[in-house]
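There are 2 protein chains.
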Amino acid sequence: MIKAIGYAATSTTAPLAPFSFERRDPTPQDVHIEILYCGVCHSDLHQVKGDWGRTSYPCVPGHEIVGRVVSVGSAVTKFKAGDIAAVGCMVDSCRVCPSCAEGVEQYCEKGATFTYNAPDKHTGGVTYGGYANSIVVDESFTLKVPANLDLAGAAPLLCAGITTYSPLRHWKVGAGQKVAVVGLGGLGHMGVKFARAFGAHVVVLTTSEKKKADALALGAHEAVLSTSKEEMKAHRNSFHFILDTVSAPHDVNALLGLLKRDGTLCQVGLPSEPIPVGVFNLVGQRRQFAGSSIGGIAETQEMLDFCGQHNIVCDIEKIDIQQVNEAYERLVRSDVKYRFVIDMASLQKEAGAR
Amino acid sequence: MIKAIGYAATSTTAPLAPFSFERRDPTPQDVHIEILYCGVCHSDLHQVKGDWGRTSYPCVPGHEIVGRVVSVGSAVTKFKAGDIAAVGCMVDSCRVCPSCAEGVEQYCEKGATFTYNAPDKHTGGVTYGGYANSIVVDESFTLKVPANLDLAGAAPLLCAGITTYSPLRHWKVGAGQKVAVVGLGGLGHMGVKFARAFGAHVVVLTTSEKKKADALALGAHEAVLSTSKEEMKAHRNSFHFILDTVSAPHDVNALLGLLKRDGTLCQVGLPSEPIPVGVFNLVGQRRQFAGSSIGGIAETQEMLDFCGQHNIVCDIEKIDIQQVNEAYERLVRSDVKYRFVIDMASLQKEAGAR
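Those sequence lines, one after another, are chains A and B.
Converting from the first sequence to our numbering requires adding 249 to each position, the first position being numbered 1.
Converting from the second sequence to our numbering requires adding 249 to each position, the first position being numbered 1.
You may find that some hints are simply not true.
Taking lysine-lysine and the BS3-like style, the derived pairs with C-alpha atoms no more than 30 Å apart in a straight line are [said to hold, decoys possible]:
#  : chain 1 : residue 1 : chain 2 : residue 2
1  : B       : LYS359    : A       : LYS421
2  : A       : LYS359    : B       : LYS482
3  : A       : LYS482    : B       : LYS421
4  : B       : LYS327    : B       : LYS298
5  : B       : LYS482    : A       : LYS478
6  : B       : LYS567    : A       : LYS370
7  : A       : LYS359    : B       : LYS252
8  : B       : LYS586    : B       : LYS482
9  : B       : LYS421    : A       : LYS421
10 : B       : LYS252    : B       : LYS567
11 : B       : LYS421    : A       : LYS359
12 : A       : LYS421    : A       : LYS393
13 : A       : LYS482    : A       : LYS586
A few chain A positions that, by computed beta-carbon distances, are all more than 12 Å from chain B [stated by the list, open to error]:
#  : residue
14 : ALA253
15 : SER383
16 : SER389
17 : GLN426
18 : ASP511
Here chain B is said to cover these stretches of chain A; the calculated rule only asks that three of the stretch's residues, wherever they fall, bring their Cβ under 8 Å from a Cβ of chain B [to be verified]:
#  : segment
19 : 350-359
20 : 523-530
21 : 533-546
These are calculated hints, taken from the structure and not from any lab test.
Nothing here was measured: the structure is a model prediction, and the numbers come from that model.
By construction, the Cβ of each residue, glycine as well, lies at the ideal position given by its N, Cα and C atoms.
Given the sequences, and given the hints that come with them, work out the whole structure.
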């Protein structure tokens with residue numbers, strides 16, 4: 250086994266703190282990665298706080314991982330020691346169900362193995378994520394990072410990037426279309442970058458007047474204050490697609506009314522409570538209320554390659570792991586542009602935990 | 250003007266009663282139809298009771314109309330006097346917006362002119378529907394009924410038929426697919442007939458154990474008691490498409506969980522109150538919650554022709570118009586297999602109202 254150190258929560262109320270554990274001995278299919286950067290996703294916070302009611306403690310979060318390959322198993326062909334490798338939200342799946350066969354492992358019918366807080370087939374325990382100095386992952390669930398991308402800025406592509414890229418591709422967003430991105434956080438800012446890169450007319454809907462300028466700076470063509478009935482009214486029946494990144498409770502019906510006939514509102518934010526949907530709002534223009542979850546491994550690689558070609562990374566604020574609890578507090582206040590990324594070199598200060 | 254007689258409600262609480270009014274003098278584009286049969290749709294009841302909060306009284310409901318042409322305007326080419334003609338939920342639309350241009354007038358961006366309780370461009374009043382002895386309608390919004398169909402059984406095709414046919418076609422339901430029809434009323438029983446005719450494996454979900462046998466008799470391959478967790482569990486993640494015809498409040502989340510990845514639940518029933526939708530239920534398998542409204546004129550004709558080819562009509566109970574208030578009471582109790590159709594010959598008894 251490989252000794253590892255990371256940051257874990259031990260209960261719903263405990264702050265993240267240093268935690269020593271072990272990674273499995275690499276199998277012939279495994280890649281052993283020294284983690285350089287890990288993004289801080291809002292899901293990490295929900296999971297450590299037990300908001301979704303199914304957290305196993307200790308919980309080492311983190312699923313936006315970029316690192317350097319330490320060693321590879323004998324059957325590994327994609328990497329050699331010293332290469333840069335990335336890991337996203339999944340580290341395994343059943344590999345045989347129709348979803349896995351079609352390359353959408355995130356919808357694995359047996360349930361994909363998520364990077365943290367999931368039953369670990371190898372150890373019998375739970376998976377531990379990327380707030381750590383290393384990880385061991387099956388080659389099939391590792392990704393390559395284009396050489397021109399900043400590694401810290403690339404880390405959140407593994408969740409915030411693919412979570413917005415995948416639905417925009419699935420619903421064929423592109424030139425000649427008007428697209429709304431609701432919420433300008435970690436997911437929203439990537440939604441804007443991708444929708445713009447795909448050629449759509451991009452409108453950001455935000456509850457914050459001061460985020461309007463940020464939206465335009467990120468590439469949006471327009472920014473709308475969603476709390477203003479006047480501003481919203483001007484966009485009624487006009488959007489082909491709405492990407493809703495908001496995970497707080499919010500009025501989806503006001504958004505559905507902005508869709509054209511046959512338009513889709515896709516939720517990628519994850520409100521804990523059911524959202525009331527007015528059926529007349531759907532029926533009246535054959536609208537659809539949908540949801541989408543991350544992306545498959547092949548599509549994640551496609552997204553990374555697209556980012557390489559278009560020089561797209563996330564806008565980030567780099568932090569030391571010792572600042573992660575403070576970062577969580579700021580995350581709750583949306584006080585970050587637009588993603589915290591932990592510089593894992595800072596873990597070396599935690600010698601006491603080794 | 251043409252003197253007409255029908256049945257109208259004069260308030261939210263008044264029973265339907267004889268009502269004398271006038272139809273416009275036919276324009277060159279108009280068809281003057283003597284109404285032979287009119288179906289009784291649950292929407293009629295909602296509208297006369299003011300459940301949707303926008304009823305103009307007196308209200309003459311009825312939008313499932315089959316009749317005989319009395320006379321045609323000079324520009325009419327589709328009909329001559331003596332022909333059988335049908336009229337559905339719409340009698341006009343703007344005819345120039347993208348939806349009208351694409352032949353989906355039900356989604357007219359200016360709002361289609363519905364057959365009753367809509368602003369009437371010709372009279373300046375409101376439109377009066379098919380619980381009447383005649384109607385005058387622009388040829389563009391009239392339909393032909395295949396000669397082999399029973400006229401009374403064909404009447405409800407104009408709403409219950411097209412409302413179920415259109416979404417099944419739009420979402421490409423066919424052979425190799427497993428489809429659920431939720432609710433076995435006027436809409437549901439037609440959903441079963443069409444889904445079966447399109448080649449799908451059809452499962453009826455009903456809250457009534459005794460409706461199971463009816464579902465199988467109508468052509469369903471299976472019938473499931475939706476109140477039984479055990480029976481529902483056996484169908485988890487298995488449906489390509491769910492046609493939900495229920496307009497009462499009901500648990501849509503339990504239904505969404507029955508959809509396969511990328512499956513759609515389409516609501517054609519119209520619950521008055523917003524329906525709570527669990528977002529995890531959508532996101533987990535990229536499911537969609539959608540709605541659909543009747544169908545365009547071209548598709549309604551396509552549906553009627555399909556019914557002619559496959560000998561499909563609605564299962565009906567014929568009533569005299571004097572029984573319509575009693576029929577409404579029975580409708581509330583779902584005590585009809587599966588649609589009341591008014592035999593308009595019975596209106597001749599209302600000489601006193603002429």
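Hints, one by one, checked against the model:
| no. | hint | in the structure |
| --- | --- | --- |
| 1 | B:LYS359 x A:LYS421 | holds, 27 Å |
| 2 | A:LYS359 x B:LYS482 | holds, 15 Å |
| 3 | A:LYS482 x B:LYS421 | violated, 33 Å |
| 4 | B:LYS327 x B:LYS298 | violated, 36 Å |
| 5 | B:LYS482 x A:LYS478 | violated, 43 Å |
| 6 | B:LYS567 x A:LYS370 | violated, 64 Å |
| 7 | A:LYS359 x B:LYS252 | violated, 67 Å |
| 8 | B:LYS586 x B:LYS482 | holds, 29 Å |
| 9 | B:LYS421 x A:LYS421 | holds, 19 Å |
| 10 | B:LYS252 x B:LYS567 | holds, 26 Å |
| 11 | B:LYS421 x A:LYS359 | holds, 27 Å |
| 12 | A:LYS421 x A:LYS393 | holds, 25 Å |
| 13 | A:LYS482 x A:LYS586 | holds, 29 Å |
| 14 | ALA253 | holds, 30 Å |
| 15 | SER383 | holds, 30 Å |
| 16 | SER389 | holds, 20 Å |
| 17 | GLN426 | holds, 14 Å |
| 18 | ASP511 | violated, 8 Å |
| 19 | 350-359 | holds (count 3) |
| 20 | 523-530 | holds (count 8) |
| 21 | 533-546 | holds (count 10) |
Hint check: violations occur at hints 3, 4, 5, 6, 7 and 18; the rest are consistent with the structure.
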